[in-house]
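Novice: Hints in hand, dock the two standalone chains.
Chains U and A, in that order, are what the protein sequence lines are. Residue 603 in this note's numbering sits at position 544 of the first sequence, and the numbers go up by one each step. Residue 365 in this note's numbering sits at position 339 of the second sequence, and the numbers go up by one each step.
Bear in mind the hints are in silico, worked out from the structure with no lab data behind them. Even for Gly, the Cβ is constructed at its ideal location relative to N, Cα and C.
Far from chain U, some chain A residues (derived; all Cβ distances over 10 angstroms): (1) 72; (2) 83; (3) 90; (4) 206; (5) 249; (6) 323; (7) 430; (8) 434.
A few chain A residues facing chain U, derived, Cβ under 7 angstroms: (9) 362; (10) 366; (11) 368; (12) 369; (13) 377.
Listed here are the chains, written in short residue letters.
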Amino acid sequence: MPKVTIDDRTIDVPAGTTVIQAAEKLGIYIPRYCYHPGLSIAGSCRMCLVEIEKAPKLQIACYTFVTEGMVVRTTTEKVIVARQAILEFLLANHPLDCPVCDQAGECKLQEFYMQFGQYDSTLLENKLKKHKAMPIGPHIMLDSERCILCSRCVRFVDEVSKTHELGIFNRGDHSELLPVKGVTVDNPYSGCLADVCPVGALTDRDFRFKVRVWYLDKTESVCHGCSRGCNIEIHANRRRSHHNDGKLVARLKPRFNGEVNGHWMCDAGRYSYKRFESEDRLLQPLVRLTGKGQEKADWTLALSQVDEQVTHQVGRTGVAAAAVIATPDLSNEELYAVRCLFKQGMKIEKIAHRCPADPNGVEDNLLRKSDTFANAYGAGLIIGAPHTADPTVETILEAAGAGKLKTLFIVGDGLLSRYSAEALREKLKNVETLIAIQTHGSVLTELAAVALPMATFAETDGTICNFEGRVQHFDQAIPPVGQSRPLLEMLVDLANRWELKAAPRLPESCFTELAGSVEYFSGLTYSKLGDAGVNPSRRSAATATA
Amino acid sequence: MLKLVTKNIGIENSHTLAVAKANGGYSRVEKALALAPEAIVEDVIKSNLRGLGGAGFPAGRKWSFLPKDSPKPRYLVVNGDEGEPGTVKDKYIMIYDPHLLIEGIIITCFAIRSHKAFIYIRGEYDLPIARVEGAIAEAKAAGILGDRVLGHDFALDIVVHRGAGAYICGEETSLLESLEGKRGWPRLKPPFPAVEGYQRCPTVVNNIETLSYVPFVIEMGGQAFADLGSERNGGLRIYSVSGRVNKPGVYELPMGTPLRQIIYEHAGGISGGRQLKAVIPGGSSAPILTAAEIDVPMDFDSLAKIGSMLGSAGIVVFDESVSIPAALLVLARFYAHESCGQCTPCREGTAWMTKIIQRILDGDGRMGDADNLIRIAKNVLGNTICPLGDAAALPVISWVTKFRPEFEEWIKRGRPVGQAPIPVTHIGERTAVAV
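Here chain A stands alone, though its shape is the one from the complex (with noise of 0.2 angstroms):
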């Protein structure tokens, strides 16, 4: 099976600058300050590399659209804010190939003419964080950054950024406005950060993932990159499985493949000899997909026909124990709490739905109550300043809609079908199995 940015996972001191450059790394480097920057730019737009954080914008067009006749300077900062629930791929990334990631920033930066980058990665990886830190010295001290990056004209410089713990400053304008020192709340857009990013100034905003796998594009060529994934989602990409699942973990396959494929092949099936009852395909905020819809293809434009999202492609698998209003307080709650609280819709409805869900599995319900979540959510969906609010409301309208017999059958007992009485919260905890 083919693998890219995670090859040399379980390879000894995979982190180190000698044991990285013994396997391949920096290796693209050369090749890449040969080229003309807008040949990069054309390269990876063949290439098909979408932005893997979880939008899936088309990388390649996202470096095209900074202004051409800016006089300021331009910065590429690189978003390691890994926050969405069941997702734990950067983290890979940055722990054991730190160096790959270095390459993949260097490229891009001499792409789009940047020659300064910031790494802002999420407060509670410290590991990550160390790793990265180390890299950028041991590059520093060879000569891979600084005024003559690998003796070539061309200067770079990475910092890095510790975050403070909010899941919103994952969202590209409110990690600008947290790197900026300022509240992390989100900006309104336009404009986008290619034009006014950070310090109002062209900035590309890309996802550590997407960056890693840059050199590979260079090294096998846009086409022969996009080759290896599916229609107009290039490459291959890290699936990270978690949840009832025999083997969670995180898997680096080909965009488009199955997901019943992943489940059941990769992952080892369902524990305990159960049976599937839902999978969230791509990090919390997709919509949950039943036992009945995983025949679908794992990329971005194949689970939004379907009406989900490829998102992080966090896998996130239930089993039939597993109970959905419970396992849907844990999400609710989750979101109220990263809420940034700008705007109302997001900041009134995360609570108000958490409150109705909590009230519901208190065993308060009305029967008005399923129907009055999906309300609310509606309301929050598309009306909110950034995706948290949809990515709050999703969820709440795909579950409520796709399990609620269920919701109605904790409205009229008080506690699902067969199942003990358990305190909600340690349901919530065992149910969600997240990072």
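Next up, chain U with everything else stripped away, as it sits in the complex (with noise of 0.2 angstroms):
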């Protein structure tokens, strides 16, 4: 292991280690342009030139590999110089057009300028004009005056996506960012682009003027479009409620996670935030009292409607006429807390999370998965064993449409993802007294006796388990839409009307027990997952192979 030492401060770091890296264990930021730790090497940018003893010229950190004995300085009159130089070549035909940049206040000109910068200008020449404001597919928007051509966005498309839509055409300053000719950039990935960009160049279409980037909120996350489970951030604009039309979340942003995704996310994922303050969530409870139509309810009556109307059915026919349905968009602990009252209190023995595969499921090799749903693994170990002989979602419909159910409890949206509403409508038409918990209106919520609203993953704590099994937590992002609850509030409070034992209320103590009662999860806490989740698979394999 070669051993440098980078502005007197001495590390050993593995060979073909570049002085970049070995830099930021130390805690030492070079700036840098182009360099960007998921993508090739270009060494255009010339940001995080640094001295090294011994080398007649300065070098680039992002591509200059550490040997033994090598001294580096960073802080140097050369290096500030260097640095001081190359913002100004970079700002020379740049429009400063901040003030109505969206990339304002996220823009490395902007921060290396009052790191690094702080010289006086010497410009008098005109700047060249470029394309401006240039839709180049459905989520990006290309500035072309702003693009510093640090090229990020075209390794990008050429090494990550490998849809190659992307290129810097023409020469010397007059070479510009552009896509082919003829074509749309429209991969599957191309939001990624936009955090790729370090400048105002390329931005998100979807976000663009919605909100000012610092008076966003941002809260780790976990997305749940399918069983990747990519590491995100969730962006919500609290402070300033006339923006963003009104709304909390703004955007999510990928965060990165060598384990599972990179740095990278998919569109799907990334535009999905849309559906936590859509227009079709679930605000209110329903209730459909005898002889009349449904209505909107609070939240004590139809809780205790719940009470009433699932008493007096299984009072009537029975605790074998009962089913759970538990979607696998549901976290561990909301699986847990849905197996304690289900079937450890109530004794119901269908609870069916196995659902058929999603039509509209795709997988590639990147990121997307064609099992869609969040949290497949953690179900199959908290509600039943993959491939044993469990019911199944289309059992339990189908035992509901030949009428051998009548109480049935719907819990997570995953079924409409699966059916259409004709057969969701024609499935449970037998079934007398159907409890729907959804985050979203829909034909189940139409069709229930009492349709509850629940707190969508944003809204909530809590941990899945993604493909490979690794557990993952998530943090609330916003509150609870509307008078929607979280699920575990509302299960504790059935247990509670029923005399039941319930899981705890909060998903972290939940977690807790799910860890004592679940031989998987054993020995985790939140705070052991952190920031990239744990997988126990491999902790078990390791183990097993020491």
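Specialist: This is the structure:
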């Protein structure tokens, strides 16, 4: 392992480490534009020039590999002048339209100018004109004048999405980033282009002008779009209620996790946040009183109706005619609470989570998984082993259609992506007491005797297991929308009414109990999961080999 | 006067195989193929043959950098993308003695154990391309190229690749990118082409002129070749002389011939009876020399010692009537136009410097402009991926430093002392006599 000294601090790093990486390990930040840890090295922006002892010229830290005894300096006069020079060059043709630029606040030109620039401009010349506000795809807007030609986006479409839509055309200062003629930047990962762009050249059309980034609060979360469980940040606008069309969640951004999603996320996941505050959210409980149609109700009435109607129905038709469908978009904690209340408390035997495959599921070699449920792995562990003969959603719906089920709880939104509204209407017509606990209004809430509005994953804490079994924690980003409540709370309330033992109300305590109850999670706590999650299946494999 | 690579120029049909053979063409192949490849490399190292494209790197040492144990094929890539303003030497070799070039390629490929060579020729060079392609066809038909070179157990194929008119593709790694069909952007180094060149295989990239001297190294032996030149600068080379001289042209002279001698004896002195003002000694990228600095031996090391460079040995002579700022605009514009745009300092710096010079010539200069030009050039210098940035920065630094009063005169008066106002573009085109 070569030993390198950077700014008088020494560190051992593996051979093949670059100076920029070694510096990062020491907590020394070397400014960079073209360097991106998820892409190949371009070495073209020259922002990361550093002084290396015995080298005649400044060297780029991103492409200088550490050698034994190397001495690097990142704060010498020469380096400071070079950084200022590069910034001066980059800004020579930059329009400086920060007041109307959506990148302002998270722009590396702004940041590095304040940190490493601060020179007085000597520029008297006119700036070049290039294309502005050019929609190059459904999600991405290009402003060539702001582009610093770092080529990150070109490398992204060449190396990551492998769709090759972008290129740098022309030469010299007339060089311009453009889509290849006749091509639209419409790949499943195109939103990442706005992430990799260090300046305001590529911005997200969905997010543009919605809210200034400095008003956003960032919450660490995990995407629920498919079983990959990409690590994300939920950016919420809590401080400017008149911005972002009055909504809270403004955008999702990928959060680095080398074991799961690297630096990326797919567009389907990225723009899925619109579900949180969409028009069709179930904002209030709905109840169907005898002899009347469905009405909006408050929680007290709704819960007492669940109590009354379920107690009555089960008393009349028996627990054998009752079933629960808990779809695997629920968190581990929620699934555990479902198990506590319905299986252990009410002694309902038929609890199903296994749904048919999503007809719209897409799988590729990068991130997307065809299993569009976020927590099928966890559901298998908690509700029932995936390959045992426990009832599937399909068998329960068959039984319901055949009139053999009178009481049915449907918890979670998962059925709607698997069955058409007509199919569900047909299959559920004989269920007398349907309790739908849903985030969104749908045919299920319409048919329900009682429909309870449930918080989405942005509105609660919890954990999910991705397709590999990695347990990942997500935080609550926004308060529950409307009158919706976290599932854990309403299950606790129901358990109290029925004087049954409930799972804890708080997700964290619930997880602790789960860890004591299901072997897979044993020894885990939220703090042990950390930011990146833990994969117990790998842990056991590691102990087995050890 | 001894001539080597230019000795057949002037003979009728010197580009044909018959004439070339009658004048010694391919006579050195037999001798070379009887030697061990390593012995040839050794001899070329001994000959002090330098890379005559401009960098002056010893040719034999470049060959010796090829990895000994790589299982990959090796390639020779011949750089005929002659684009340095003021340089017209490779063109003449290709037009008048393409078989000498092929002979050099055969010997070099044998020495480096390569069986495929590419000749990358500047796109504008119609006649040179036609002549080289014709010569290759003739050589193939005559069994000189092909599976058995002149009956020996050595196969060699040569492919001509036509460039698309970018100066940057004369830089060896962007030439390789271009040859691979990609955009001509220089590569980050290391790896150098000797390790990972064409298609990531070990590759030697040599200039046309360099390779054309290889047969003579074989013919006379490395030591004798080295003795023709000056210390560490072996043999002869072609000096392209242009500008305000009585006899502009290409002159093959020993390495280390004094610049004064080249200008006043070989090129016939300054035209129109005027006084010498300044000389670019080695292509436009070389820092300029004033009239007082021309007593210098024209070899790589001597010019480096006085802060300039021999480069491609394209000598451009300016007389007293030339406006230095106007001539510098021509160069600055050239580099801004030819900058590939990959790395920041060169892309932005070359264009910015051009705009400042243009503004000075437009009569809108500021007193700080001269200093600012030097500052910007120094910020480009040494901070770029390839040498184009240096090539653009060095002239600006040297011209503005050495002829500062002229720039300040323009800034103060809007036009140089005693000169009628002529549209700047015309001054430019007339002064920097390029190719």
